[in-house]
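Could you slot chain C onto chain L? The hints should help.
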Amino acid sequence: MLKKLITYQKLLLNSIPPIDIISQTPSKTLLYVFAFFMMVFMDMFIFFGNTMSTNSILPIALPIISIWMINRLLYGEHRLFETVPVSRKYTILNIFLLSVVIIIIVYLLYMFSMTVLLGIPLGIAYLVNPQSFSKSPPESAFTQIINTTKGDLLMLCVLVIILFTGVAITFIRSKKLKLSSFAGFTVISYGLLVFLKLNMPISPSSDKVEFLESFSIMPKANTILLCVSFATVIICIASVFMGYRLYVGKSNASKYY
Amino acid sequence: MTNNALELKNLNGGIGIFSLHDINFSIEKGTIMGFIGRNGSGKTTLIKTMLNMIPKTRGDVLFDGTSMYGNEEIVKAKIGVVFDSLIYPLNLKPTKIKKMISPFYKTFDDKRFEELMKRFDLDPSKKLSAYSKGMQMKFGVVMAICHNPELIILDEPTAGLDPIARADVMDLFLELMQKEERSILFSTHITSDLEKIADYITMIDEGKIVFSKGKDEMLDMYLFAHIDREAMTDVIKSDLIGIKKTTFGYEGLCTKNLKLQNLLGVKTARPTIEDIMLYMGAKK
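Taken in sequence, the protein lines are chains L and C. This note's numbering puts the first sequence at residues 1 to 257. This note's numbering puts the second sequence at residues 1001 to 1284.
Some clues are possibly wrong.
Claimed, not checked - Derived BS3-like pairs (lysine-lysine); straight-line CA-CA distance at most 30 Å:
no., chain 1, residue 1, chain 2, residue 2
1, C, Lys1106, L, Lys4
2, C, Lys1196, C, Lys1078
3, L, Lys89, C, Lys1096
4, C, Lys1118, L, Lys10
5, C, Lys1126, L, Lys4
6, C, Lys1126, L, Lys3
7, L, Lys10, C, Lys1093
Everything labelled a hint here was simulated from the structure, so no lab data went into it.
Just chain L, with the same shape it has in the complex (with noise of 0.2 Å):
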């Protein structure tokens, strides 16, 4: 059973169509473009402070790039993971188990990438001048993570929404209706999140609010985390039903955005 599923799993990784940058048309590019620069523009938006991390970024950026792979996935030319004899139930529970995995592997990848990066030219740093180095943390670690606790369970509720309201959009027919799906969902989403930021208060720690600690020194935080956590549930289990009655009777447009 769990080989099965790691199988399929692979068998739908490897059923992504390599990303062709060459061939995509004009417009295509525009659209890329400007969806990754109002990203970008509403994340500085809503999560710049003077503490801005990419904890609050990386539950938006996460879950995009894994619904645009399975997108990727559902709509290219030969569907390799369609081919093999598993019920169409079966098939979309994976796929949206895919889109876990997708945000894990990039995850790891970032990480990975980010201590490359980061951790190669400062360990030089070091080796060359460790008294440049303070040997004792600026801000203890464990006051930062009481701090935004409650702020990134918020975020991860978030990214989990994103992700599972994301893949059921995915498997819309229509072109036209699944564009605006995705833009009537990005304006709510991104109009609760910043209808949060206006009534967060002040950070003690920057005079000014940002997201995360401002979210978790809020008074009425964990109502609001609560209600989100249902709703997380609610929402998750209703993309999965919905997900699965649009792959049901799914058009084979092979272009797809």
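Here is chain C on its own, set in the frame of chain L:
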């Protein structure tokens, strides 16, 4: 128990603006069906619709009496498919692909895989990207038959193969047919391949089935007619299928019962499948 390996009942579907209209035909167990039609006539779309890779809008597809829809796990285990281009990732080696695909088939025969790899001179230690197009196609055939399917669906399997490789693949298909009740749906442009092995021919054009008949019955039904310019009359013109003007007169297909062969200035011959495809395609 049905005697049909595959049965299409009023199948409708499509992709983009192209659509399939009320497709009906069946393949008897133990026979080879040649599937012909010009480029863009709907051959690949129909095959993908049959396999539920393109959604149908109406109708049903029965494999050995079992509907594909809702029974994919059972039905796909009994089918082997070769597409017009390789569907496997080029950056992988054949052995790795076999490891990835074989767990899904209870009847996958590893020995047969090795035998066929040897027979086709395919090096399992090389990546697929290092294979020529012909070798890639042969590998596709190997993967499609290693689980001993009851029905093999071939979408232009000999396209891109040199004559020797083509003959080898065709021999393999004939060999496969020695097992009783194994059936093949063979979509191709190379109609000479069908002359050798097909029992039935189905032609599709603009998403509609033009005919689906026994090969011999069909070849016996029509005649290829050449009519001298002087001998041409309006009556003959109206009787000819897909009439074409040549330097010396006219050419076209006619049914045998018209007895055109008895007329002066009319020469007839037994048509090939290619003639039938050509003139039936030009009919409209």
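Here's how the hints hold up against the structure:
1. C/Lys1106 with L/Lys4: holds, 12 Å
2. C/Lys1196 with C/Lys1078: holds, 25 Å
3. L/Lys89 with C/Lys1096: Measuring from Cα to Cα gives roughly 26 Å; hence the hint holds.
4. C/Lys1118 with L/Lys10: It holds: about 27 Å lies between the C-alpha atoms, which stays within 30 Å.
5. C/Lys1126 with L/Lys4: Answer holds: C/Lys1126 to L/Lys4 is near 26 Å, not above 30 Å.
6. C/Lys1126 with L/Lys3: Roughly 26 Å separates the two Cα atoms, so the pair holds.
7. L/Lys10 with C/Lys1093: With a Cα-Cα distance of about 14 Å, the restraint between L/Lys10 and C/Lys1093 holds, given a limit of 30 Å.
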